[in-house]
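Asks: If you read the protein sequences in the order shown, they are chains A and B. The letter at position 131 of the first sequence is residue 135 when you use the working numbering, and the numbering goes up by one with no holes. The letter at position 36 of the second sequence is residue 40 when you use the working numbering, and the numbering goes up by one with no holes.
Treat the hints with care, as some may be off.
One copy or two, either will do: identical chains are not told apart, so a pair holds if it fits within one copy or between any two.
Think about it this way: if two alpha-carbon atoms lie no more than 27 Å apart in a straight line, the pair counts; the simulated DSSO-like pairs of lysine-lysine are [said to hold, decoys possible]: (1) 25 <-> 115; (2) 25 <-> 100; (3) 164 <-> 47; (4) 25 <-> 136; (5) 79 <-> 100; (6) 79 <-> 47; (7) 100 <-> 88; (8) 85 <-> 164; (9) 100 <-> 47; (10) 32 <-> 79; (11) 32 <-> 47; (12) 88 <-> 164; (13) 47 <-> 25; (14) 14 <-> 115; (15) 100 <-> 32; (16) 136 <-> 14.
None of these hints come from the bench; they were simulated from the model.
2 protein chains.
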Amino acid sequence: MTADKALFVKMVLDKWNATIKQTDDLLKNLSDEQLFREVAPTKNRGIYLLGHLTAAHDLMFRLLDLGNALFPDYKAIFLDKPDKVISGLPTVHELKQSWTDVNMQLGNHFKVIPSDEWFLRHTAISPDDFEKEPHRNKLNVVLTRSHHLSNHLGQLILLKN
Amino acid sequence: MTADKALFVKMVLDKWNATIKQTDDLLKNLSDEQLFREVAPTKNRGIYLLGHLTAAHDLMFRLLDLGNALFPDYKAIFLDKPDKVISGLPTVHELKQSWTDVNMQLGNHFKVIPSDEWFLRHTAISPDDFEKEPHRNKLNVVLTRSHHLSNHLGQLILLKN
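Model the full structure from these sequences, guided by the hints.
Replies: In structure tokens form, the structure reads like this:
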């Protein structure tokens, strides 16, 4: 039983780690000027997507019962509001650092969470609902967020020349 | 053991199905004219990405040992070559139909594959390698392709007004 779970956890975490690495590699190759551009005319700017992804991942600490968000102010800017509404965003340098910090700390937790624990409920589902829907577990949060990251990574790649 | 596996399979297939549905809904709302546009200046056109995704999913029949590709000609056009190199692509109407056919037939197979079978090797890995890397199973093909779809879906969404 635990061997099956460990295998499945590996499948999901491998894909999460690979997608984070792809994003990190892309960010290293995008200048500040490129990140200030819209990914397509009239659409979100790179800097907004970077903040949006950082804010979404930062919420995972609470969802997975790992502690509090590192940058709680980001939610209001990058999740509750669309791009170009709020002036005075954090700098690209700050956002890149926050992105790295959030994923590094999540990654440190992920390495030591026992396989069984990944299949427990996350904090946004009630015990009653979880009994009926056991697929809504902690690992599913990672699976879902890693698709979300892939989606926006496909957009950020468009900023490359 | 099988209950755990059934849960894993559900997690991955749910996300696959949801991402296919999101793409289908988007495609219903994109005109032929919109699909002929580049997702961002100088980048791939919508029609190419639709063919690319269809070709990638069509290869899954062989990978998962479910039969042959339905549209074997697509590989040369949409996987082996970049956009704007080959003239005389299939029409948008044909591509939308092929996209639907491929995913529908894959979906029909997915519904009846027993949980245990998802954790067997896919056809592109040798028995020896699979023994060392059991995470490279059939379910992992779906997990990986569903991230690939999310990535390009993020780009296709940019074609909306």
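Asks: Now tell me if each hint is right for this structure.
Replies: Do the hints match the structure? See the list:
1. 25 <-> 115: within (16 Å within a copy, 33 Å between copies)
2. 25 <-> 100: within (13 Å within a copy, 33 Å between copies)
3. 164 <-> 47: both (16 Å within a copy, 10 Å between copies)
4. 25 <-> 136: between (35 Å within a copy, 24 Å between copies)
5. 79 <-> 100: Cα proximity of residue 79 and residue 100: one copy only (16 Å, versus 38 Å across).
6. 79 <-> 47: within (20 Å within a copy, 31 Å between copies)
7. 100 <-> 88: within (19 Å within a copy, 35 Å between copies)
8. 85 <-> 164: both (26 Å within a copy, 20 Å between copies)
9. 100 <-> 47: Answer is both: 21 Å inside a copy and 25 Å across each meet the 27 Å cutoff.
10. 32 <-> 79: Only inside one copy: residue 32 and residue 79 sit 24 Å apart there, 32 Å across copies, limit 27 Å.
11. 32 <-> 47: Both, since 22 Å and 21 Å are each at most 27 Å.
12. 88 <-> 164: Both, since 21 Å and 19 Å are each at most 27 Å.
13. 47 <-> 25: Both: 25 Å inside a copy, 23 Å across copies.
14. 14 <-> 115: Both: 10 Å inside a chain and 24 Å across chains, each within 27 Å.
15. 100 <-> 32: within (9 Å within a copy, 37 Å between copies)
16. 136 <-> 14: both (25 Å within a copy, 14 Å between copies)
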